[in-house]
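Undergrad: Listed here are the chains, written in short residue letters.
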Amino acid sequence: MLGWEFPPHISGGLGTACQGIVNGLGRIPDTKVIFVVPKVFGGEKARNTVFADAGKYLEHHATILDREVRIVERDDAAPEETKLKDAHGRLIYIETASMLHPYMQAEQIEQILVKKDIDPSTVWFDKKGRLMATIDGEEKEVRLSYSDTQFAQDNDSNDTANEPQPQKFEFSGGYTSNLYNETGMYARVVEQLAKDYDFDVIHAHDWLTYEAGVAIKEATGKPLVVHVHATEYDRSGGSVNQRVFNIEKHGMEQADAVVSVSNLTRDTVVKKYGIEPEKVQTVYNAVDFKPIRREQKKKGEPKLVTFLGRITHQKGPVYFLRAAYKVLEKLQNVRFVMAGNGDMYHSLINETARLGIADKFHFTDFLDRNQVRKLLSITDVFVMPSVSEPFGIVPLEAAKSGVPVIISKQSGVAEVLDSAVKVDYWDDNALANAIYSLVKYPALSRHLSQHGREEADNMNWDFCAADIRNVYENLLDDDKNGNIEDDGEPAQKTESQQIQKNILIK
Amino acid sequence: MKTICLNLNIHRPYRLKKYDFFDIGRNNFYFDDIGTQAGAEQKSRNFVCPMLDTVRDLVEKHGQSFKCSITVSGIALSIQEKCCLDVIERFRNLADTECVEFIGMPYNHSLSALTDEDEFTHQVKKHAKELHRLVGVTPKTFRNTELIYTDKIGLLAYDMGFDTVLAEGTGPGIDLKGPNFVYFNPLQPRQKVITRNISFSRILEDSLKDTKLFTPEYFTNKLYDDIDTDDEIIYIGINFDHMDGTTGTREQVPTFIKNIIDSAIESGVFEFMTLNEAAHKYQPVAPCHVTTPISGMTRKHDLTPWQGNELQKEALRKVAALGSSVKIANNPVLTDIWERLQCSDYFYFMSTEHLDYKANIFKTPYDAFISYMNIIDDLSRRIDENIEKNNADNMSEQQIKDVISFYEKEIVSLRRKLSDKE
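Heads up: the sequence lines are chains E and S, in that order.
Using our numbering, read the first sequence as starting at 1 and increasing by one per residue.
Using our numbering, read the second sequence as starting at 1001 and increasing by one per residue.
Extracted from the complex, chain E is given alone in its bound form (with noise of 0.2 Å):
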């Protein structure tokens, strides 16, 4: 499996659904995982005292292709951090040095070092994945970390409309196109690794790893599996790049078969990639997180109404900040937080202002998880106004805390919980409406909070695992069971819906 940081830090992200699909597949007797991120290495060492304390694991380093790689090998569990007790699979983790980053575009990047005054066109990747630059002479590392993405910050946030527009920032193309050959350097690694591990099928989650999920199909002729998280149109929020939509394409036709995370996302990749739809399966995510008790609300203490993700375009923030300004018109007890950072963090920060609502309008920068479970303990409701969402596991932890969640109807979590209040998230007359009754009225919130919570209780990875095990052996099977769908008609409710509907229903 190619996948991505794990232990996860970004909450809801590609690391927990890689997390939870590596530990619901470790639970199924039978199956190994051989797991392997794209890691740079040093300066994580919180990471390795995980394993350090977790039992039996053999752990060595090799040097493949001129990069350095980290293989630790497990008899008994996932790590420790998962609390895995009863898994029967065996795991072996492999980290290989390389400077992939999930989250931020190739653009963003080089933005941020042309910000730090560092020629993208100079940089380059050494052997243990780090970002090199010569600066000043001398060879240095460059550290990007999330908070660098304020640097890439809007420039419209500046408010004096009089002053001259910063000039629009022209790619020179020289990090830009060194990413995307690091993309194919990171294949040639995996594809050598590939060679000394045994396996029947391959999983790659996301843009970053087909390539190298390619590269050892072309290699090994084992079957592959892409899982498609997000597409470049979620991402990108329609200006979309090129090279990316290319390699993502190339992946999933090549690809056996293609797991998306929701019908939305399975439309997007059968009408916008035309890939034919009986490749394609929708396989929901689930949730495994342990919310922590909630707070005892003091009399007359506003209510908290929580917005929880980067704050750019693709996850709505100005349809929330919007709905705010409208909902505290008409009530003052009432207190609405931004949690999280991105490329438009400053220029919403002004926009309260302008708007005279800062002192009800807060904001917390980046959080850990543990800062995410107690802002979730503390909320009253959940906004999550994206406006491509192929899933969004957030609104589940918050549904698990027991929190009403207000959700728009461009995500893929929508279709699979229903105890939610759902918005077209350009609406954010809907949102204020629904924001407000949700303060007004606590039968309604008690309501959401109560089911939502059953129906997130209710959602575990191990149905996730048990349906992409099954995409593995339908694949492994003859062609003859190769069809795993009628044609083209949109996924229908998968085994883990049936089997999930059962507990329901008992």
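Hints listed in this document are in silico derivations from the structure and should not be mistaken for laboratory results.
Because the structure is a prediction, the values reported are computed rather than measured.
Wrong hints could be hidden among the right ones.
[What the hints assert, rightly or not] Here are some chain S residues pointing at chain E (derived, C-beta under 7 Å): (1) Leu1114; (2) Leu1311; (3) Met1373.
Backbone N, C-alpha and C fix where the C-beta goes; we use that ideal spot for every residue, glycine too.
Starting from the structure of chain E, add chain S where the hints point.
TA: Positioned in the frame of chain E, the structure of chain S alone reads:
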């Protein structure tokens, strides 16, 4: 003889803590008291005390020939009273010599002159009262926070007994003969306006920051060369706010100042006076019209450092809006916090003009803004809780009056809205 008026400004804000979203409603500590005290102690040891000692030496050496004026904000006084009593002691000794004038200003180094006249008056009076209690003087000259000035501000000060007011020598819409004269306030011709000589103030400030930059001789020579024959008064105002005593060492800066003043007095061309004396010595040459606020900061001399962007405007709007409910709540702790939060420095931290300020703990203006607004939210909740506790039965006479005046204001503004609609 040309008159030189030297004005030393001493101010230091309470340091803010980073107050994040999760603190709201759970933690009432907005200020870093330990950091504030440590900073104040260090600064007074390294900079303020040596400087005041130098002034004392000069007064002893030259007798009545050397005089100067000192501005010290109420916040700085209150911090010094807590941890640097030796500074207060020195102020008192200097005041006793009668060669040093102390100048009035809003207690909290606030921008209240721009938002709320009543609050402004209250703070100026509070400052005068504290100055009298701690130093034993009653100020007659007024210098608003960061030299922010309009005719109206001058008039408000006059009504509180200040016959002299200080202003920046230039700014948007200012048309004067030159900085080196005494003017009068067109709204109150009896009030004298003295305008700051920006170029000499800057040169002196720069040379104190880096004593190797200019020699004392350079400075006095420039004074001879640049002052015209009909110029009367050279008002040099310098801020200590942004000096931390690390650049100019403990000995260098006082020696530098001493040398300048010695050579100026020995030349026989210059005399030193307090600002108030100078205002009485010279006849005003013209009115000084200032309708849009000017200030003593940045090259634009306007309000951009504190009110240049939406963040700063929103923060000031919100803190000012708490005023009426703070008065109704009538809780001394909350009132004190609210007054402290008005300090101009906190708005300066939110400037997007890339201004440099050493005491700033915030990485970006956005961080400063978020933290400040979180505090405002928390404070407003505490105020509301307090108001709920109070009711007419156990209110003091003053509280009842405040409530009445609050609602009277509300009624007036509502009537106005009504008449607008009609």
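Undergrad: Each of the hints needs a verdict: does it hold here or not?
TA: Evaluation of the provided hints:
{"no.": "1", "hint": "Leu1114", "verdict": "17 Å, violated"}
{"no.": "2", "hint": "Leu1311", "verdict": "5 Å, holds"}
{"no.": "3", "hint": "Met1373", "verdict": "5 Å, holds"}
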